[in-house]
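Participant: Assemble the complex: chain A is given as a structure, and chains B and C must be docked to it using the hints.
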Amino acid sequence: MARYGMAIDTTKCVGCMDCVVACKTENNVPEGLNRDWIQTIVNGEFPNLTMEIRSERCNHCTNAPCVNCCPTGASHYDGGGIVLVHHDLCTGCKACIASCPYDARFINPEGYADKCTFCVHRVEEGKDPACISVCPTYCMTFGDLDDPNSEISKLVKSRNNHTVLPEAGTSPNIYYLIGGNNA
Amino acid sequence: MLEITNTRMNHLIDPSLHIWGWEIPVYLFAGGMVAGMMLILGFFFFKGREKEVDCVCTNLPLLSIIILSLGMFALFLDLEYKLHVFRFYTTFIITSPMSWGSWILILVYPVLAVSLLLRLPKFVSKLIPKLEQYSNKLKSNRKLVKSVGILNMVLGASLGIYTGVLLSTFQARPLWNSPILALLFLVSGLSVSAAFVHMIAKSVYERELLAKADNAFLVTELFVIFLFIIGMVTSTKIHQDAIALFLGGQYTAVFWIFVVLMGIIIPLIIQSLAISHKIKHTPLAPIFVIIGGLILRFVIVSAGQYSSWY
Amino acid sequence: MNSISRRRFLKIGAATAGVAATAGALSKFTQQAVKISSSVPEKGVYTIPTYCDLCFWKCNAIATVKDGKLWKIEGNPIDPMSKGRLCPRGTGGIGSYYDPDRLRKPLMRKNNRGQEEWVEVTWDEAFTFIADKMNKIKSEYGPEAVALFSHGIGGNFFKHLMKAYGTPNLAAPSFAQCRGPRDAGFRLTFGEDVGSPERTDIENSKFLVLIGSHLGENMHNTQVQEFATAIERGTKLLVVDPRHSVAASKADWWFPIKPGTDIALILAWINVIVNEELYDKVYIDKYAIGLDKLKKTVSNNTPEWAYPITGIKAELIRETAREMARYKPATLIHPGRHVTWYGDDSQRSRAIAILNALMGSWGRKGGFFSPVSMDIASYPYPEFPHSEKGKVDNPDKKYPFAHETITTGIREATISGKPYPVKGWFVYATNLIFTLPNEDETIKAIQNLDLMVVVETQPSEITGWADVVLPEATYLERYDDINVEFFKEPFISIRQPVLEPAFETKPGWWMAKKLSEKLGLEKYFPWNNIEEYLDTRLKNSGYSLEQLKKAGLIKGDKQPIYFEEGVTPEFPTPSGKIELYSEQLAAYGLDPVPRYRKHEEPPPGYYRLLFGRSPVHSFGRTQSNPILFDMMKENEVWINKFIADKLELKSGDYVILVNQDGVRSNKVKVKATERIRQDCVYIVHGFGHTSKGFVRSRGLGASDNQLVTKYKIDPIMGGTAQHLNFVTIERAA
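Protein chains in written order, with this note's numbering: chain A, 526 to 708; chain B, 382 to 691; chain C, 15 to 747.
Derived by calculation from the structure, the hints in this document are not laboratory data. This one's a predicted model, so the numbers in the text were calculated from it and none came from an experiment. Worth double-checking, as some hints may not be accurate.
[As the list claims (entries may be wrong)] Label pairs and their computed distance ranges (CB to CB):
1. C/E337 x A/Y602: 48 to 54 Å
2. A/N553 x B/I650: 58 to 64 Å
3. B/T472 x A/H646: 24 to 30 Å
4. C/E662 x B/Y470: 51 to 57 Å
5. B/T472 x C/Y668: 47 to 53 Å
[What the hints assert, rightly or not] Cross-link-like lysine to aspartate or glutamate pairs, in silico, DMTMM-like; alpha carbons within 25 Å at most:
6. C/K147 x C/E402
7. C/K80 x A/E556
8. C/K647 x B/E384
9. C/K647 x A/E577
10. B/K618 x A/E570
11. A/K682 x C/E246
12. C/K664 x A/E570
13. C/K664 x B/D622
14. A/K679 x C/E246
15. C/K83 x A/E649
16. B/K463 x A/E556
17. C/K683 x A/E577
18. C/K683 x B/E384
19. C/K80 x A/E650
20. C/K57 x A/E635
21. B/K463 x A/E635
Beta carbons are placed, not taken as given, at the ideal position from N, Cα and C, and that holds for glycine.
Next comes chain A alone, as it looks inside the complex (with noise of 0.2 Å):
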């Protein structure tokens, strides 16, 4: 059973918001609404300071809050374990918004809950997501977390990473690379 990730390097993302845009035309994203954005975090005092560039995006996770707490099974995981919502059983009710610590899911406005849907449309096609495919950094890359052997899992496997909110115990699958290898 494949589990479908990203992982994204940030040493590499400058956030131009590149993901973003081609999420948007990709999947006619209405305006006002965003299925991806980037996230800063920047650390320290002037002029020590560090800063963390993040493209982020439902985490499609493996425990998914959002899944169990949907009262119509609209939400739920499809192939890869890729976190779906069926439009037609979706009732709008935004128990999964309010589940979910990343406040990746919105309202669509045509009354069904929207998020990530990792481009599945592309993914059963063998492309990239399609924030994957335009960033001109080349900073992210989608596989089988699963599959030992796919390029996502060895650079999980040999760069230092991190997730967002592990704390929150959903088992996200967007991994964060980082400076420095994991020797």
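Facilitator: Leaving out everything else, chains B and C in the frame of chain A:
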């Protein structure tokens, strides 16, 4: 010093979550109140008070149906895809409190309907005289009345706890993420319903009983609030930040003045004086309790959405 | 019941029935767009290659149309510049097509200039009006009295028209307001300039120095891609910037230098490198002259001397000078792009050029490559008329090393009438109000004109000052000239229409040709249409339009791009060598070796206004693009956290910036941050629009250019330095 910036500016999500407006607090309030009323009603049925002429159980089932329906209508208004409302009932999701709640709500209605039959209000029997026959038949079966009482209490408790559990399972919102919240909503539902029933009851016995009960619930509620806060304060940094919203943060004034002082302490004092016959019973205290209970839901729903992991 | 009230009824009906609100305040941007005619097949997905126009980089792209609607645009994988990946603006390029503010019809001014009140006219009426005025100007003042301001390749046909008309006054703000000093500084040193796209070999550099260059925020696609590759490869990175830029966050060294003192730092580096003989001796011996004079001139510019000036510790300067030298010749001191800062910018650029020369990086892998291109025949046009008067912008070679036309020189002449009057301006795709410093002078010049024509796709401040506005089709709806690129690999590429022009918009080539007919200059436009023009050029070069249209770009044979690969080292300076000491400058009484001169500092309570770029916007040209607008609606003013606390301001508060001349900005959001020095503030350029044509973006954010009332002219090449303005901060009411 951390400086966090986020480019996401999603409607209803940023800068802090505000997906739920007035509808959910109203729904939770109605649910909690009906839960309490069912517990009271069930207790009276269990005790055989339905035989008393002035028992408030004449009014409670119908009022419960009305209030609950209003609450559910508020919930319906909150749905973003209203045509899909039936989807709640095409499945049962064991991990989803909201799914549990939907089914509990559906079960509540027949029990309230049967309860209504047990003590038919006059205008109903006038409207449909035939019902009187059924009603009498049912009432004569003491075991059945007792069972209905128990059922009311069980479902009432379930409903009350559910309204709290609904929020407390959202781990993503630290302020809600306390099991004590379920208890708080249950007790608050009880205090609100006791106050309400106390207000509308005609029987002196029931009035006194419910005033006493309400005082007990209010004292319990104070204790539960204390536990809730202590639980948060002694928990993780995330939870400490969340409860700080009530301890100096932006919800401090509304919480302590309207929920605690106006909604609990003042009515507690008034009712204690009334019980010891130092002053007369007035609707003032129960009204305060009811408003306090409503504000509690608004505060918790709003502050909970404001609290986050970041 | 008419359609509007019926729709209203449905909306109300839907709300009361409690039906899911599908069309709320948030409608899809594509639904907002107007209905657009097209010859695209109604069903299915089809793609067309073209090159991007969101900036001047001209990345090759592939547009996808799905079921008759423009869906997306992606990089062309065979493109050596984009490598199949566009920048955020390019990816959001379809928004320029869906832009709700687009100009739709030719417009003529109704009342006074600048009032933005228009009469819609036909193309023929517009052209007749323009041609009459141009003929009148020609007969009264001569053809030189018309000037063209143009930006981007789309202006080629207007340049051609103007040359045919007989004026030599063709200028772009990209010279005097942007990269001019850099190119002058490098020309004086190496005899060649850095070019665009820059000949920087960032991906192969082993030590990269960025002085004020904010790659990553500034999204010159290839450079950012190579920058990311360099980071991955472990290139040592040194960033000199008063602001903790994105690049600074990735740097091994960040020097938060005091603004205006960069030359002191560079001279100190040169001092260490020369004194410790860390330079590339073989390279310098062979190719350079003036080392001794350089050494002598910088002998006092020690790191200890530079420390109190720059705020950068002497040992750090010394350490980094040695580190730089360790990686030579793959040490690249990036020349920057927008370098018009303090008025001695050509000298700073020369200092950077000298430092690069000492590293031996010019012409070397990891330094500056030698760009290559394909030979494409020009169209066989008749000879242009000769101008007797010559150019108007730089009388008596006041700025001796201005190798391009100075926009502000034309403006000056338009105001003064000297050396001769300028009576007509043609403006193509450049918002002069946002570009030229001191907006009042620009407006004063415009008021002196008999004719002011603006060609644009979307409204801007400059369209508001036009007599005639000609609405151009966007890059997705038109052909432009062939792009013959100078880059690491030789290639040519095509811009071709993905869809038919919307509304009554027309491509620039069509406008130029039609105008030529009205002006009696038909002989300069002998082709019937653009396809014929393009095909002729391509056929004469051994290719065909059909071939180029299909692939989007055609590559030439690989050629050497480094000295070590066989490129012949040539330095077209007067001496034929790299001039560390410039006799050319000495001859004009200018510093032959750059010297540090102190610049004015902000008085107490004032902060130096710095400005730069956002990755999601190009200049002031994309704020009405609905996709990019959605990414960033307004700019923020970066204020050091300590200063913000002192002023009792927090992030998100709105303030007004007031400059030394009392000019007040629009209200702008505060970003209180540790990421900037205390003596300066920073905003992203291109916001604070005032044009009525911008329905949503007008009034959002502050315009840096509005606050740039003070500027200094570079004596070497006439560039206008803009980082000289000081602002105070007032809380917005």
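Participant: Within 25 Å, alpha carbon to alpha carbon, are C/K83 and A/E649?
Facilitator: Since the Cα atoms of C/K83 and A/E649 sit roughly 23 Å apart, the hinted pair holds (cutoff 25 Å).
Participant: Between the beta carbons of B/T472 and C/Y668, is the distance compatible with 47 to 53 Å?
Facilitator: Holds, since B/T472 and C/Y668 (Cβ atoms, about 49 Å apart) stay within the stated range.
Participant: Are C/K80 and A/E650 close enough, with their CA atoms no more than 25 Å apart?
Facilitator: Given pair C/K80, A/E650 holds - Cα atoms ~17 Å apart, limit 25 Å.
Participant: Confirm or reject the claim that C/E337 and A/Y602 have a C-beta distance inside 48 to 54 Å.
Facilitator: holds, 51 Å
Participant: Is the Cα-Cα distance between B/K463 and A/E635 25 Å or less?
Facilitator: Holds. B/K463 to A/E635 sits at ~11 Å (cutoff 25 Å).
Participant: For the pair supplied as a hint, C/K80 and A/E556, is the alpha-carbon distance within the 25 Å limit?
Facilitator: Given that 25 Å is the threshold and the Cα spacing comes to 20 Å, the pair holds.
Participant: Would the hint linking C/K147 and C/E402 be met if the CA-CA limit is 25 Å?
Facilitator: Between C/K147 and C/E402 the Cα gap is close to 21 Å, so the pair holds against 25 Å.
Participant: Are the Cα atoms of C/K683 and A/E577 separated by 25 Å or less?
Facilitator: holds, 23 Å
Participant: Is it true that the CA of A/K679 sits at most 25 Å from the CA of C/E246?
Facilitator: At roughly 16 Å apart (the allowed maximum being 25 Å), C/E246 and A/K679 satisfy the hint.
Participant: Going straight from one Cα to the other, do C/K647 and B/E384 come out at no more than 25 Å?
Facilitator: holds, 21 Å
Participant: Are the Cα atoms of C/K664 and A/E570 separated by 25 Å or less?
Facilitator: holds, 16 Å
Participant: So the hint says 24 to 30 Å: do the beta-carbon atoms of B/T472 and A/H646 match that?
Facilitator: holds, 26 Å
In summary, this structure violates none of the numbered hints.
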